[in-house]
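Student: Sequence:
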Amino acid sequence: MPGNEGRTGFLAVFARELSHIRQHARYPLAMFVFPLLSFILIWGLFSEPYPRDLPVAVVDLDHSKLSRSLIRAVDASPEIRVAFQAADPVEAKNLMLKGAVYAWLHIPKALEKDILEGKGGEVTGFINTQMLLPGSMVSSSLQATVSTLSAGLNVRSRMQGGAMPEQAMTLLDPVRIDRHILFNPQLNYMYFLSAALCPTFLQIFVLMVTVMALGSEFKNRTAEYWLKTAGGSVWWAITGKLAVYFLCFSLVGLIMLAVIFPGFGVPLRGSCGVLMAGTLILILAYMACALVLVYLFPSLRMALSAASFFSGTAFAFVGITFPVEGMPALGKAWSSLLPLTHYLHLFQEQTLRQAPISLSVPDLLIMLGFVGTGYCLIPLFKRHMIDSRYWGKA
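Be aware that the sequence shown starts at 1, since it is given in full-length UniProt numbering, and climbs by one per residue.
Don't take each hint at face value.
Stated by the list, open to error - The list that follows gives simulated cross-link-like pairs (lysine-lysine, DSSO-like), each with its CA atoms no further than 30 Å apart: (1) Lys93 <-> Lys113; (2) Lys93 <-> Lys119; (3) Lys219 <-> Lys382; (4) Lys113 <-> Lys65; (5) Lys113 <-> Lys228.
Hints listed in this document are in silico derivations from the structure and should not be mistaken for laboratory results.
Kindly produce the complete structure, drawing on both the sequences and the hints.
Tutor: This is how it looks when you write it as structure tokens:
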């Protein structure tokens with residue numbers, strides 16, 4: 001390229017790559033614009049930290065004072081709201097099938113009468129757990145609301161039988177659990193879900209851009225010139241090229257941390273230095289993964305396809321939405337092969353848990369292992385660079 005004639009080595013490759021980025025708008029877009037837009041998108045999606053007012057329907061066949069109290073109690077729950085009072089079960093079922101409600105509550109005839117006569121009563125809830133999060137929240141909220149109302153009726157009945165209020169409460173709940181909710185007592189989804197999605201998006205862009213930068217040299221038949229610019233050194237060729245992207249993504253990674261902590265309000269109770277180091281190592285680890293993919297798949301199309309699969313499915317296996325301990329052996333193995341898994345483990349330790357630095361050292365070392373494995377392949381790339389059989393593959 002013009003301007004680089006006569007210069008060879010690391011800096012020449014670095015300058016060549018900067019020139020290449022300036023000439024192709026897709027690189028600045030993928031390195032800066034799209035990652036930052038993804039952070040903004042996450043903030044917009046999870047600006048409300050708690051799911052509230054999930055719609056449910058009620059079928060009240062009793063029309064009693066008790067059934068009306070139950071409906072008011074359900075509607076007063078912060079997680080759910082009574083959006084519909086259906087005339088019959090068929091209407092309520094249709095509302096659920098249309099996706100208008102996540103659950104519906106069936107209050108049978110003579111509920112109040114049966115309870116007053118000491119026969120007990122049963123309220124039936126039909127809950128759509130096709131979507132696990134809202135289904136679980138609606139189920140828990142309905143259970144808590146009905147249990148609270150039932151407990152109140154039980155206490156009142158015992159007091160009418162002559163028991164003192166304290167005695168009635170003790171008889172109602174003879175064994176209690178003293179719960180201490182640690183690390184995220186607010187049950188804030190912003191703290192664990194949105195903060196985990198930002199690094200997930202970052203690793204996708206790092207891997208895809210790095211694969212595109214490396215693979216395009218072979219696709220465009222410029223690999224030999226790339227090596228000549230490095231003075232024949234495959235180390236200078238690859239490190240000079242990747243240094244540009246590492247610096248750019250490091251800046252994006254630091255912006256990401258600024259978005260997560262001051263922006264999202266996620267508490268940083270551990271070491272900021274360890275978290276920053278982990279973020280930089282995460283970027284290096286996915287660049288190393290890109291080296292592996294480009295070495296295995298000289299075809300740019302195949303390398304990008306493999307990269308999209310490797311990075312795009314990562315979030316499902318890192319243990320945020322489904323615990324790794326509950327996965328089958330293959331799922332656990334795949335999870336351990338993802339640098340993102342170890343980064344998010346470190347992230348949780350150094351943010352919400354306030355864990356000592358020593359507990360995060362193994363995660364840092366594992367991510368460094370990814371880096372070392374990938375960069376051990378660098379000497380093998382020279383054959384690809386000088387052998388025309390690896391060039392021109394789309």
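Student: For each hint, tell me whether it holds in the structure or not.
Tutor: Against the structure, the hints:
1. Between Lys93 and Lys113 the CA atoms are separated by roughly 26 Å; this keeps the pair inside 30 Å, and the hint holds.
2. Restraint check: the Cα-Cα separation between Lys93 and Lys119 comes to about 28 Å, which is no more than 30 Å; the hinted pair holds.
3. Distance check on the hinted pair: Lys219 and Lys382 sit about 16 Å apart at the alpha-carbon level, within 30 Å; holds.
4. Simply put, Lys113 and Lys65 have alpha-carbon atoms about 11 Å apart, close enough for the 30 Å limit, and the pair holds.
5. Distance restraint check for Lys113 and Lys228: the Cα-Cα separation of roughly 91 Å exceeds the 30 Å cut-off, and the hinted pair is therefore not satisfied.
Figure legend: structure checked against the earlier numbered hints; the only hint not met is number 5.
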